[in-house]
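S.K.: What follows is each chain in one-letter form.
2 protein chains.
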Amino acid sequence: MNFNLKGAIEILERTPHTLDALLSGLSSEWLNGNEGEGTWNAAEVVDHLIDGEEKNWIPRLKFILQEGESKPFPLFDRFAHLNVSESLSLEEKLEVFKTLRMKNLAMLRGITDLEIYFEKTGLHPAFGPVRVRELISTWAVHDLTHISQISRVLANRYRTDVGPWIEYLGILKK
Amino acid sequence: MNFNLKGAIEILERTPHTLDALLSGLSSEWLNGNEGEGTWNAAEVVDHLIDGEEKNWIPRLKFILQEGESKPFPLFDRFAHLNVSESLSLEEKLEVFKTLRMKNLAMLRGITDLEIYFEKTGLHPAFGPVRVRELISTWAVHDLTHISQISRVLANRYRTDVGPWIEYLGILKK
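From first to last, the protein sequence lines are chains F and H. So for the first sequence, UniProt numbering puts the first residue at 1; every next one is plus one. So for the second sequence, UniProt numbering puts the first residue at 1; every next one is plus one.
By construction, these hints were calculated from the structure, which means they are not laboratory data. Remember, it's a predicted structure, so these values are computed and weren't measured experimentally. A portion of the hints provided could be inaccurate.
No distinction is drawn between identical chains; accordingly, a pair holds when it is met within one copy or between any pair of copies.
[Claimed, not checked] Below are the DSSO-like pairs computed for lysine-lysine, each with C-alpha atoms no more than 30 Å apart in a straight line:
no. : residue 1 : residue 2
1   : K6        : K55
2   : K173      : K55
3   : K120      : K173
4   : K173      : K6
5   : K120      : K103
6   : K98       : K120
7   : K120      : K55
8   : K98       : K6
9   : K103      : K62
10  : K62       : K173
Model the full structure from these sequences, guided by the hints.
M.R.: Here is the structure:
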């Protein structure tokens, strides 16, 4: 097991700053790009991360701590953010994400003796029993998968522009 | 063609800040992780990016502008940085990378009427003729491929820790 709470928080607390550095102020030609129909642009990924802060990670953690395996936790709709009307700029979305993340990490740090409950299980609607430490590990890896996705989505815009170098650019081979 | 100089610079100028936000201050348990034998940890990726600033992108651009296709440009050893003795901390490496990148972008911006030469070709030792605009596009995508790689390398540390959620985490399926 590589997971520990301090290490997971190191990843989780960096993500808002990483996304700021990568995306804030980018022109719309970059921000509007996606990977084709049914795929997300960078702002939609940020919407999804906001959604997770509001409805997924901490709510599920609390649900496991309170309910254990007595009932499955509510399904998290991974596409819910796509139905929300979009009135915020990307910079405002990044700010919302940062604020929610900081609040959630404060909540995580504030749970007394969380270590005691690392092996406690809840009932995932698709997977069955899942542990507290698996949920927190997944929260951190979920950040990284979406940082990687955003890099890939941006790179995709130059797919043909790189010419023969595409052969050396693994990110364009997905 | 999606490439334009302003857009490429938008990506290139953000990368040092993105890497700072993602990596600076991370504990060694994260920084030492790689994806198995023959793969790079985060610091080795930064070494490779430094190497590119010193020997690849701007030197090749100048080479094309001066030599055209009269002779192939010198081969860039993509593994050279692995033979260099490591005396710098990750934070120092990030600082070196940032300084070199700023210097190189100043040089790029300083080339008079670079637009005129976008279609000018040089001779890549493996690919044959390559255009100035393809070289600059590749420089930007190369940044993004390595941001994506670092995210993947970090995520790999929690490969088993995420339990059944691995099914939803594309980054762990490589």
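S.K.: Hints first: check each against the structure and report whether it holds.
M.R.: Now the hints, each set against the structure:
no.	hint	verdict
1	K6 / K55	within (23 Å within a copy, 38 Å between copies)
2	K173 / K55	between (33 Å within a copy, 25 Å between copies)
3	K120 / K173	between (40 Å within a copy, 27 Å between copies)
4	K173 / K6	between (35 Å within a copy, 25 Å between copies)
5	K120 / K103	within (23 Å within a copy, 52 Å between copies)
6	K98 / K120	within (28 Å within a copy, 44 Å between copies)
7	K120 / K55	within (20 Å within a copy, 52 Å between copies)
8	K98 / K6	both (19 Å within a copy, 28 Å between copies)
9	K103 / K62	within (14 Å within a copy, 49 Å between copies)
10	K62 / K173	between (40 Å within a copy, 29 Å between copies)
In the structure shown, no violation is registered for any of the earlier numbered hints.
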